[in-house]
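Fit chain B to the supplied structure of chain A, relying on the hints for placement.
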Amino acid sequence: MRVVEPLVELVRGLKTTLRMMFDKPVTVQYPETKKPVMPRFRGRHVLKRYDNGLEKCIGCALCAAACPADAIFVESAENTDEERYSPGERYASTYEINMLRCIFCGYCEDACPTEAVVLGDNYELSFTDRRQAIYPKEMLIEPAKAGSNTTPQKVKPGEFTRSVPEMKDPQD
Amino acid sequence: MDYTLILEWIIKGFVLTLILLGGFAYLTLYERRALARIQSRIGPNRAGPFGILQPIADAVKLIFKEELTPAKADKLLFLLAPVITVVPAVVITAVIPWGRDSFTLFGRTITPYIADINVGVLYIMSIASIAVYGIVLAGWSSNNKYAMMGGLRSTAQMVSYELALGLSFVTAILLANSMRMLDIVEAQKNLWFVIIQPIGTGIFLIATLAEVNRAPFDMPEAEQELTAGYHTEYSGMKFALLFMAEYTKMISISAIGATLFFGGYREFWFLSNTIFSIDQTPWLGPVYMFIKLIVLLFGMIWVRATYPRIRYDRLMAFGWKILLPVSLALVFITAVGIMLAESFNPAYMWSIPVVSILVGLFAIGSIDRVLRRKDNARR
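Chains as they are written, first to last, in our numbering: chain A, 1 to 172; chain B, 1 to 379.
Treat the hints with care, since some could be wrong.
Using 30 Å as the maximum straight-line C-alpha spacing, the simulated DSSO-like pairs for lysine-lysine come out as follows [as the list claims (entries may be wrong)]:
1. 374/B - 15/A
2. 321/B - 15/A
3. 75/B - 61/B
4. 156/A - 48/A
5. 34/A - 321/B
6. 145/B - 65/B
7. 48/A - 137/A
8. 61/B - 145/B
9. 48/A - 145/A
Calculated from the structure, these hints are not laboratory results.
Bound-form chain A, shown alone (with noise of 0.2 Å):
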């Protein structure tokens, strides 16, 4: 029947649509429901601590040097055994990016040389005004564990002398 060929392909392009119809809707409802992100994903920074509660940053601001898109900004301080906040000579006490610069490259976790900087998962950066994009230290750093300490610490002198821990290759 090569007369009703023609309409045949077009009953079977209705016929398509209509059976994709009932296909389950490939939507995420977003904000009630989240697909997790890959692995690599990189979202939002974090500077992360060690299992006693030390910060890992040592705010040598090799970040800032690595930095493509000149986000970050490191100022550093003297740790003390009255006041310590990372291991080793010195801490960053002031530590921001703004996001409105940052490029999400991933170069200053590839610069860090005690792994403090890692770019998270969390990609919900929106704000309302210019001077929220800069996040501050506070913002950035996560929480101590529980059952450990937060920075400052007063610890025993030469105990933590050494600012770049033994470290082992990145995993993933």
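Frame of chain A, contents of chain B only:
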């Protein structure tokens, strides 16, 4: 003429207009939801439960948008064009019967239709052709090349397909032996005209799509080539009016189609002589009409979701070389079939669908042949 009658007409017209406006608003939601489902999405579901407040949100947004008038536009016509487009789309529904039996309200017998004129179909044809003025004026007064071309395309398309549309009306008129909408519906008491004249119905549905500028015949507003066609320069409430005209036309032309070919307000054939027949429960008339409208509108949305836009020269060729001759042949076949049935044997009525389908197949076959020949020539 007593003034209460005029008052009654005004009130009925007002109510019908309000129903159409509400229908327009919710048709946009219906279309968006149905399209979304076909495309494996959900569609607007945020404003209110199931998104039922979405049309209101859209309306509020459009009202508060800035209205631009191009500097070199013809100000008066630019303002008038949306109005000229909307009015026929609303006015056309005046002759559509939503039921047969009149009911009593406040001591007056009220008919479920505004006007019962004996040339109802003619009225529809004449009003339907006014709508094209609004579109071409909108295109012309914008002083924009794209808008102008959209308007011109629309005119050419509507004029071409109006012929086939009118001739498919004629088949229904012949079968009912009347131009009165009520008579046409009552003539379909036992058998819908879609069964006697399937190809005529098909031509009506195709020409309808072209008349209301819907996909796959949405040439006047082909986004890729004409930005938005005749309403490129419109914004705010004026755009809303053009938009409203489009969707109101969809509703009214579906109502016309339901009336002419799908039994109008009459019950479905398997429900006749039951309690669900409108002879026994007259208030079911509008309900049946509503169901048929929903189905026909879904058909339009479904076609939009399925077929890509047809090329402009093919659109014109299809209208003039296929639809017009076929619908002329159908008028002839219907007339001969009715004559045979009346002179010899009522069973000859069935020659109408049989011969019509043969003609339709012949038309499809000839399109196929031409396309194949062109395809071979290109190789």
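Hints, verified against the model:
1. 374/B - 15/A: Holds: residue 374/B and residue 15/A sit about 28 Å apart, inside 30 Å.
2. 321/B - 15/A: At roughly 28 Å apart (the allowed maximum being 30 Å), residue 15/A and residue 321/B satisfy the hint.
3. 75/B - 61/B: Cα-Cα ~24 Å, so holds.
4. 156/A - 48/A: Since the Cα atoms of residue 156/A and residue 48/A sit roughly 22 Å apart, the hinted pair holds (cutoff 30 Å).
5. 34/A - 321/B: Status violated; Cα separation ~55 Å.
6. 145/B - 65/B: Holds - the C-alpha atoms of residue 65/B and residue 145/B are around 24 Å apart, at most 30 Å.
7. 48/A - 137/A: holds (11 Å)
8. 61/B - 145/B: Distance ~28 Å between residue 61/B and residue 145/B Cα, so the pair holds.
9. 48/A - 145/A: holds (11 Å)
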